[in-house]
Amino acid sequence: SQTIHQWPATLVQPVGSPLSLECTVEGTSNPNLYWYRQAAGRGLQLLFYSVGIGQISSEVPQNLSASRPQDRQFILSSKKLLLSDSGFYLCAWTSGGVETQYFGPGTRLLVL
Amino acid sequence: DQQVKQNSPSLSVQEGRISILNCDYTNSMFDYFLWYKKYPAEGPTFLISISSIKDKNEDGRFTVFLNKSAKHLSLHIVPSQPGDSAVYFCAASLISNFGNEKLTFGTGTRLTIIP
Chain X
162 SQTIHQWPAT LVQPVGSPLS LECTVEGTSN PNLYWYRQAA GRGLQLLFYS VGIGQISSEV
222 PQNLSASRPQ DRQFILSSKK LLLSDSGFYL CAWTSGGVET QYFGPGTRLL VL
Chain F
3 DQQVKQNSPS LSVQEGRISI LNCDYTNSMF DYFLWYKKYP AEGPTFLISI SSIKDKNEDG
63 RFTVFLNKSA KHLSLHIVPS QPGDSAVYFC AASLISNFGN EKLTFGTGTR LTIIP
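The listed protein sequences derive, respectively, from chains X and F.
Under the numbering used here, the first residue of the first sequence carries the number 162, and numbering increases by one thereafter.
Under the numbering used here, the first residue of the second sequence carries the number 3, and numbering increases by one thereafter.
Derived by calculation from the structure, the hints in this document are not laboratory data.
A hint or two may mislead.
Stated by the list, open to error - Calculated pairs, SDA-like style, for lysine to any residue (alpha carbon to alpha carbon, straight line, at most 25 Å):
hint, chain 1, residue 1, chain 2, residue 2
1, F, 73, X, 266
2, F, 104, X, 175
3, F, 73, F, 101
4, F, 58, F, 81
5, F, 104, X, 227
6, F, 104, F, 81
7, F, 104, X, 176
8, F, 7, X, 248
9, F, 104, X, 218
10, F, 104, X, 273
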């Protein structure tokens with residue numbers, strides 16, 4: 162069966178510090194991968210998606226970037242965090258085509 | 003521009019009664035709709051979906067209705083149970099230029115089931 166992992170579960174970082182959140186998927190190959198953010202009082206906003214290694218599409222201009230160094234690994238990064246980057250970050254995957262997306266457990270990021 | 007809207011941020015329903023959660027969308031190109039359930043500090047879990055070519059899909063206690071002319075869908079839960087208390091997100095799907103699914107989510111409705 163397929164599983165999706167995210168870490169860390171919780172992170173508190175000062176403004177201006179770098180960020181690296183990792184997401185890995187097991188039990189499948191060549192998944193489509195997604196990063197979402199849920200900010201306080203808002204829905205889930207799609208940040209990035211990837212259909213293959215090294216291929217990243219950005220949905221909204223922002224302070225964050227994403228990379229996919231391996232088939233089942235998706236990384237969310239920032240060089241300098243802003244207060245507005247606080248939120249709950251979710252990674253999701255599908256095996257391709259029009260299918261339900263399955264979400265990881267999420268990372269709660271608090272920027273102080 | 004919020005393309006998927008859930009206008010009720012919260013809803014309280016008595017246990018055993020029907021819960022109805024509503025969702026409106028503006029983009030007629032959406033071709034697939036999904037409902038997710040989310041507990042605090044966890045990732046959303048898939049509940050039920052419906053293709054744009056259908057108007058109803060049922061799975062146990064959960065039924066989703068789609069009214070394309072009104073660009074409206076709803077999730078019915080009957081009978082409602084305490085474990086149904088969670089935030090429910092409506093999502094709509096488009097296919098990207100790469101052929102993969104892109105979901106646009108609503109802002110969520112917090113459902114509270116009163117014992």
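Do the hints match the structure? See the list:
1. With a CA separation close to 31 Å, the supplied pair residue 73 of chain F and residue 266 of chain X exceeds the 25 Å bound.
2. With a CA separation close to 32 Å, the supplied pair residue 104 of chain F and residue 175 of chain X exceeds the 25 Å bound.
3. Restraint check: the Cα-Cα separation between residue 73 of chain F and residue 101 of chain F comes to about 24 Å, which is no more than 25 Å; the hinted pair holds.
4. Proposed proximity of residue 58 of chain F and residue 81 of chain F is supported: the alpha carbons are some 18 Å apart, at most 25 Å.
5. A hinted pair counts as satisfied when its Cα atoms are at most 25 Å apart, and residue 104 of chain F with residue 227 of chain X qualifies at roughly 16 Å.
6. Between residue 104 of chain F and residue 81 of chain F the CA atoms are separated by roughly 32 Å; this puts the pair beyond 25 Å, and the hint is violated.
7. With a CA separation close to 31 Å, the supplied pair residue 104 of chain F and residue 176 of chain X exceeds the 25 Å bound.
8. At most 25 Å may separate the alpha-carbon atoms for a hinted pair to count; residue 7 of chain F and residue 248 of chain X meet this at roughly 20 Å.
9. Of the supplied pair hints, the one linking residue 104 of chain F and residue 218 of chain X holds, its CA atoms being roughly 11 Å apart against a limit of 25 Å.
10. About 31 Å separates the Cα atoms of residue 104 of chain F and residue 273 of chain X, which puts this hinted pair outside 25 Å; it is violated.
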